[in-house]
Structures are given as structure tokens and as C-alpha cells.
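In case you want the letters, here they are:
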Amino acid sequence: MADFTQNRSIFIRIFFVAIPVVIILRLLFLQVFDVGGYKEAAINQALYVKKIYPPRGIVYDRDSVVIMNNVVVYDLVVDPRKVRAKFDTTYLCKLLNMPVDEFDKQFKRLINKYGWQTKNLHLFKNLTPSQVAALQENLYEFEGVELIEHSERKFTYDCGGSIMGYINEISDKQLKDEKYAYYEKGDYLGINGLEKYYEEELRGNPGVQYLLRDVKQRIQGPYKNGTMDSSAVPGASLQLYLDAELQKLTESMLANKLGSAVAIDPKTGGILAYANGPTYDPNLLTGADKGKNLVKLNNDATKPMLNRAIQGLYPPGSTFKPLTALVALDEGVITPGYGYACGGGYYGCGRRVGCTHRGGGHAANLGLAVANSCNSYFCHIFRLSIDAPKYGNVHKGLQQWHRYMNDFGLGHPIGIDIPNEKGGNIPDSNYFNSVYNKNWNSCNMSIIGMGQGEVLLTPLQMANSVCIIANKGYYYIPHFVKAVNGDSNHVKLQKYHQKHQVANIADSAYWYVAAGMEAVVRAGTGKIARIPDITVCGKTGTAQNERIIGGKLIKLQNHSMFVAFAPMQDPKIAVAVCIENSGYGATWAGPIASLMIEQYLKDSIVKRKPLVKKMQDAKIIPNYTYILDSIEKRMALEKDMMKNMSKDSVLRLTRIKDSMRRETENAMMAYYFEHKYGIKLKRTR
Amino acid sequence: MSYHKTSLADRIDWLLIIMYLALTIIGVLCIYSVEHRDTDIGFFIKNKNYVQQFIWFSISIVVGFVIIMMDSKFITTIPFLSYVVGFFFLLLTLTPLGKAVKGSSSFLNLGFFTFQPGETMKLFTALSIAKFLTLQEVNFQTLKHRLMCAGIALVPLVYIMLFQNETGLALVYLSFFIAMYREGLPREIIIVGFSVLILTLATLLINKNILFVLFTVLAILFLYTQRKQLRKRREILILVGAVWFIAVLFSQVLVPFAFKKVLKGYQVQRIYTMLGQEVPDEYTREGVDNKKQNAADYNVSQSKIAIASGGFIGKGFLNGAQTQYNWVPEQRTDFIFCTVGEQFGFLGSSILILIYMSFLLRIVKVAERQRSAFSRIYAYCVAGILFFHLVINVGMTIGLAPVIGIPLPLLSYGGTSLLTFTIMIFILIRLDMDRQMVLR
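Protein sequences, first through last, are from chains H and U. In case it helps, our numbering puts the first sequence at residues 1 to 685. In case it helps, our numbering puts the second sequence at residues 1001 to 1440.
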């Protein structure tokens, strides 16, 4: 062979070295410099970051009885793109024990809502234990299907629904909100009640588990032996002032009634019982049918989801009279011995204001006037207060009265530790200026003195004002939570430790009023509330209930009101009860308040069991509740429809509708009310 | 002669043996790392591929020992016969004995075991080329004998390409041109031959505009290197111009025309599938679903992810999340390099490449010390085959070469492949033991 081939050997060697060097260079870029970002892709596909949901905080009552804890439930979560590819739906449905139609329907519904690009579709929530058991064994056969574990609430005492509120999965709208940046899709959060107010404390800290998974999404074990994992920190527990037994009794007595009952420990502001009627089973809002039940409860004409104790605005009626008396005493316009000659009505402003008593001397002094609930007396002393000569004119007098009311915690939300509290209404001179064009005097509002007119209070405010009387001049903001995780000085509780001193009314004034209230129960309108061995101070109220419907002021059945505190010398409980459309205060609200006091102070009800039964069984929901509700809903619907119409057609429709409604609907309604309930419609002012 | 006095062990090239053992054991361990689960107890577990590979490894050692003990004269007598028998087995794959595995019909089912005649045929071809070129009557400087020699290599290539649908296996036969080049095949022929091949592949794989630029650059570069001859012989300019023109015509007009008008939609699809590529938009037709997810694309991206995730020092043995949990398809066979890349990182994979490189250079060194041309040519054939396998296989796992399934020598799972390479290397070692002899 010729020599030149020796040369070629060198070329071949160079070739054999050059190409591997190119490969090594490529590896350098790929592995060391990570050109192309493949490392991140590796983490994304093989690493599965599992969020470990902590159990939410447990809620205890005052005696450390658990009233709400958690149960572990599972959601079926699928990756829709994988389900589309190849998937044995029939088999999965067999394991789930449900028809394939139902699965397909639910799947399509969620796909329409979220689209194919969603990674985690919570297909079915809160699976039953048998479904979970069947699925867990065979889960590996379904690519893209996971069982996600989370904790769901359980009310162990079947009470306190309106206090606790409920939790739900975070909505898409909330997810876009910066306020909810902490949350991810699939997280649960408190929607209402304590669950919402103490969300940050109750939710705990989720843990993270880094797991490796294979190409079929099966978990193969921990990543880096779990050194990067963090464990979940359970939510903080809440200890309440609530007395579980009292709460249960209160809720049972409010069943099938519209209204509310609140009991507060005046010394601390801690809420002992808090119930709204109609009561509902709180466990309806936990578990699989939560969504369905929520819609049902929200659409119910009796509005069980309305937190009436803080959102229901009621004219306080005669329960307001002690406050009127306090102001009058403090202003110095009356003395405790001051009497008014009431002959069955108040004529001081021309038009008669009726009084239920006629007998002479029923308002011979403050005590008697309170005990007999004399309307004339309180209209009169209210006028005396705001017309007090030291203010010069009624405008200033009213403003002074307004300040007193503000001090009593009225006219603004007090600051309870559940959300959506309303403030009620305490009118001021600006209000009257706008209504009466600045031309008004104390006669225009004399009925405020007896708790009617423009004054609107929430039951919580009524209960709080009773606390003020019981405490002789101070209150703590009513609140549920005594301690967060055992810490009673938690930052969220600090505002509840502040003592609120009310005006500078003399103790003696409170004593006179309390004495009057004691007389109410001993010998006056509230005898039904008497409890042996306990001196109960109470005040009945029968609030006139008027509503403007379709341009007409309709007088509906009166609300039954009762406020009380006991024992008189060392008050331990203050109660306010309001039962809508049920007539006299002493008929329904009085007994309920009295039974609550007895339960709390004596730990049980011995002799009055039949009364408890009577309260529990009574159904006081007038039929017109449903009619009013359907009218409201229709009006809301029409309003909603009109939003989407052009201006012209809205105008035309409004005109037609107005004339039609005036003629027909109101006539029908007037007829209905008159014949069914004997309620006469009267013209609006 | 002097070598008779030295013992058998002294004449063995132990360096080759050591590197062979190193690569093979790395292979078994790589397959083990893919299949190992924390729950496994013991090493020998039924149905695990690494156990089978270990058994094949043991068989290979025995076979290697037998070859060492063999008379080297036997090796020089069998080439043409083995070539004919090997080709007979290739033909058998078309009969019912042939077994279709993953769309290719390159396997032969002999009842007791399955093997790939195309793999062993490489060995027979290498021997035959070595034998042919050392025949007394053959003069490699003549065109006739050059064509005959090329034919020995190209017949199996064409056959496997056409009837077995195994592009990778077929293209390996091109590696024999490295040996032929060493034996005096004119550079021009190699260049023209590879150009035609590359032209065809490039036209199919590369965007035609890029290709146009590439051709032009290459032509200018060629002219620049030949500028001295250019002064003497003007016709080179015309020749280069003509080649450039043909290449451009081929890629810009002929292929697009054929793919758009002559070939049917499914044929276009098949050609691209064979190359492991997706049909470009310009060649897609209505009614033919070309938008299926491309398996090869997925393989390569998963392979790159696995290798890149290894970083500089790797995740450590048995800690490969990507390779252990089946993210990379075919990771026991064609994509075995990923396991090294992920578990041992840049350091480990570079060392592996360097071992291969040393292996190749050692073979070339061994080749050049042979007295007999047969041994030298055979050694170059082996080096060529190993080189081609290494470059294409590693190249495709890191996205440098098209995905044409060929194994990584000695590492990939597969009995036929391991045994063939073993025999190939041990024959070389045996021939090298008689390097002072003239074998014909």
C-alpha cells in the first residue's frame, strides 16, 4: 500500500476526536449552562407539589365543649385533557357508583365553565366513604385523576349556624382579587360569620410535600427524601363565650319564627347566645350538598340566611323607653318622681297617640310609667329632653339626644366579631331638615320617645343597650370569641377589652330605670318573665310594623319585643328578643327571654317545660311573608331585566307597568290583606 | 517466529478488553438504574431487563473467550460464506419467520430466540470487505473493484432500507466508507457520495431557503480551498458551479415538485415518518392527518430534559427521576445515554464519551500496527461502525442527529446488539494477537 494512506489514518483520528468534542460541547451547554431551560421542564413534569391542607381551627363553647370541628373529605379532581384522550369512564363511574350520564353531564358543565385548559377540575366534591375506598384502590388506572383531601366542617352540637357562617371553595372572582392573593384555586375559605372574621386564625398554614411522579402521574415517592417538605400547621382554635346548652335552647325556641334573640354577659360583652329565626340545621352548609342547600336557603322567603340579630332593623317599640328615661333624667328635665296625667292618649301635639292604659295614676312617677309602659309619658319626656331650655332650640336639643344615642352604641355598627353588621338608624337634625324643609319641632318626632318612628335598632344593639343599663353606664363591644388558641390577648380581641363609658349619666338614674324595669316583671306588662328567686328587670315592646309596598303604607302585624337583664343586683345576663309579626311583647318575646335567663342562671328549666314546648312548637310566619317575598323577587327580576334593555323601551315599559300595577296589583293586595288579616291599607304620608 | 515464544495473555491487548468490560458493565448498571425500584429485594429479579442483559453479558464473555482460543486462520476463511448466510437470514425476515416489532420487520423469530439479522450482518460485511480488499486479484485503484467493494456494503443497506423499514440500521453500513477511505478510496468519491446522501436527507429535513444558503456557502468554501488548482484547471470552477446548480435544482424544484404533485399524501407521510419527522406544512394534503403528535419530537424533548436535569455532577446513581419513572421512552435501548446524563451529569457523560473516544483511538492504533492488511481493514471497519453508532445515538439524544433508532454500542439493552459488538471486538482482539503474521 502506498504511503499516502498513513496520512489518512491521522485524518481519521482527527475525525474521531473532533465529533465527540462537539458532543461534549453540546452537553456542556445543555447540562451546565442549561441552554433551552430543560431543567425547569424536568422539575415541572416529574415533581408534584402537593399542598397539605391543615384542619381548620376547632371552636369551643365557654365550657370547652366542642361545637364545631372537622372531618376529612375527598374531592375527585381530574385533568380534563387527559380524560379526553383515553379514559375508561364506564369503569370510573362503576367505582363511583353513579350513572355515566351524570358523570358526563357534570363534566360538560364544568368544561363549559372553566374550559379545557384548567388543570384541576374539581369534578365531584365530598365523595362518600365508600366511593373513596373504591377509588383509592384503583386510582392508578386512571391517568389524570386525583383524590384531593381537605377538611370539611362539622357542627357537633347542631347549633350556631348563623354565628359560625360557612366555608366554601374560593370563587374565580375572588381569585382575581388582590385581597385573596394568599389563596390558590381549590382552597377553602370562610364566607361568613366567625369563619370569615377569624379566617386568618382559623385557616392555619398549609404544608407542602414534594413528590416524584412517573409518566403516568403515579406518585413514586418523596423528592430528596422529603427534606424540602413542610408540614401543615392546624388552624388556631377559638374559645367562645357561648353557652352551648343555652344556644341550643334559644335556637329551638326560634324555630319557625322570624326574629332574633341575643344574650350577652354585660360584664365582659361576651355573647352567651345568638340565634336567628327561622333556624336551620347548620350541617346543611357542610358536606356534599352545600351548594344546593345554600341556593335553597338563600331563596327561601323566610330568609333564614339573613343574620337578623345584626342585619334586621326593627323599631324598638317600648323597649326603647328606658333609654328615653335615662336621657330625660340626665338632662335634668324630669326627676324620678315626675308624673304625667295620662288619660289613655297623648294629645300634646294635637293628633292623638294612643296609650294602652287609661287608669289614673298609671304614670304617676317614672317607675310606674316604665312598669305600665305609658306611651304618653315617654312622648312627653322625650319632647321635654330635646326641647330643654338650656339648648335654646330643638335642633341643638336633638343633636344632643343624637350624641346620647351614639354613646349607647346606636345608629352605627357596634363592631361585633362577625361581618356584615348593620348600624340601624338614629335620625339627626339634618334628616329632619331635609324631610320638613327645616321647618320642624319636637312634635314631628314625639313618638321616637316610645321607640317608634324613624328609630331603627338591631337586636344586638337592643341587647347592648340593656347591658349599659345593667352595668350602670358602660359596655364592652359584644363579641363571641374569648380566646384565640388560648390567648385572650390576641390582637383581634384587643378592641373587645376596651371599656366604653357611656355619657356621664349618674348611677342613680340607672337605678331608677332598673327599678322601673324590675317593676315591669314584678307587676307590670312583663309578668310572664318572672323567675322565682331571681330578680329580673325587663321591658316589653310591641313595635308597630309598617311597610311601604307598591307605593302604599301597609300596616302589618306588630313585632313582639322584650329586653331584660338579671339578676338585678349583680347582672349576669342581658337579653334582647324580637319575634316578628307576633303581637304583644309579653306573648312571645317575653317568655323566650325569660326562659333563656333561667336556663343560663339555673343551668336547666325545671317547672316551665310546657312553656318551652309551647315556644318551640309555635309557628309564627304569616302567609304574607311569602307574598311580600315573591313581590320583592319579581321587582328585582324586572329591575335586572330592564338593565339590559334600551332606554326607550325601559321608559315605555315602566309607564305601562306603573299604571297596570297601581290599578290591578295593589287592588288585589289590598283586597287580600283586608280579607285575610283584617289589615287596612292606608295612604302614605 | 518470536511471537510464538510469548504467552497468549501477553499478546492480548488488555486495554481493549478493559474498555470493553467497562462499557458493558456501565450498560448493565444503566439498565438497572432505569428499572430499579426502592421496593425491590435483591438483584436477580425475574422479567427485569437488566437481568437479561446481565445474562447476555455472561454469554458474551464466554463467546469472547472462545474467539480468543480460536485459530485466527479460521477467521480469514469464513467472510464470504458468513456474508451469504447472513444475507440469507436477512431474506428470511420477509417470510413468516419475520417478526414485526414496533413497525419494523427487522426481527427474526427462530422459536427459541429472536434476533436482528441486520445487526449481525454488519460483522459479516466488515469481514467480507476486509477479505475482498486483500484478495490477490483485487486492485482497489480500479473503478471496477471500487464499485464491487462499495456494493458489498451497499447491498445490505438498500435491502434493509427498502424491506425492513429500519433507517438507522441501514445507514450504519455507510460507516464502511471510513475503512475504504483509509485503503485509498479517493477523497472525491467520499465527498460526492456523502454529498448525495446529505443532499437527500437535508432536502427532506431542512427548510429549503436555509439549504440554499448552505449550498452556496459550501460551494464558495470549496472553491477557496481549491484555489491553487483553480489557477491551473479552470474546469473545476465549471464543475463546482454545475454541482451547486444540481444541488439547488434538486432541493428547490425537484423534491418539492415530487412531494407536491407526484407522490401521494400517504407516501409523503411515510417518508417523513421513517425519518422521524413531522410532514412540513407545505407538503400536507387535505384528508391526511399529519397533525398527530410526533413521537420522535416527544422522545427527543424528554431525552433532553432528562440529560439537562443532571446538571454538572448529576443526581447520583438511582436518583434519576426522569429516567426511572419512564419519562423518557425507549430509555433502556436507544435512549440509554439519558440515564448517564441524568444520574452522572456533565462529568459522567463526558467521561463516557471520552471512554468511547479512547476506545476508537485505540482501535485505530491497533489497526495501524497490523502486518496483515486484512486485520487492518477489519479494524477500521469496526472503528467505523462503533463511531457511527456513537455519534448518531448520542447525537439524537441531545438533539444533534435525527431520531433513527440505533443502539449505543455495548450500553443499550438488546442481546443481538451486545453479542454482535462483542464478537466484532473479540475478533479484532484475536486478529491483533497475531499482528506479526500475514493473514489472508
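For the record, the hints were derived by calculation from the structure and aren't laboratory data. Remember, predicted model here, so these are calculated numbers, not experimental data. You may find that some hints are simply not true.
Said to hold, decoys possible - Simulated pairs of lysine to aspartate or glutamate, EDC-like, Cα-Cα distance not exceeding 20 angstroms:
#1 U:K1315 x H:E149
#2 H:K39 x U:D1434
#3 H:K290 x H:E143
Stated by the list, open to error - Some chain U residues well away from chain H (every beta-carbon gap over 12 angstroms; in silico):
#4 S1105
#5 L1201
#6 V1240
#7 S1309
#8 I1351
#9 I1353
Don't be surprised by glycine CBs; every beta carbon is placed ideally from N, CA and C.
Hint check results:
For the proposed pair K1315 (chain U) and E149 (chain H), the alpha carbon gap of about 32 angstroms is over 20 angstroms, so the pair is violated. Only pairs whose Cα atoms come within 20 angstroms are accepted, and K39 (chain H) paired with D1434 (chain U) is rejected, the gap being roughly 51 angstroms. Our distance criterion of 20 angstroms between C-alpha atoms is broken by K290 (chain H) and E143 (chain H), whose separation comes to about 29 angstroms. Distance check on S1105 (chain U): its Cβ is at least 27 angstroms (rounded) from any Cβ of chain H, clearing the 12 angstroms threshold; non-interface status holds.
Every CB of chain H is more than 12 angstroms from the CB of L1201 (chain U) (nearest about 17 angstroms), matching its label as outside the interface. Under the 12 angstroms C-beta cut-off, the non-interface status given to V1240 (chain U) relative to chain H holds; the minimum distance is some 22 angstroms. A beta-carbon of chain H comes within 12 angstroms of the beta-carbon of S1309 (chain U); the shortest separation is about 4 angstroms. Listed as a non-interface residue, I1351 (chain U) fails to keep its Cβ farther than 12 angstroms from every Cβ of chain H; the least gap is roughly 10 angstroms.
Its beta-carbon lying about 5 angstroms from the closest one in chain H, I1353 (chain U) breaks the requirement of being farther than 12 angstroms from that chain.
Checked against the numbered hints above, the structure breaks hints 1, 2, 3, 7, 8 and 9 and satisfies the rest.
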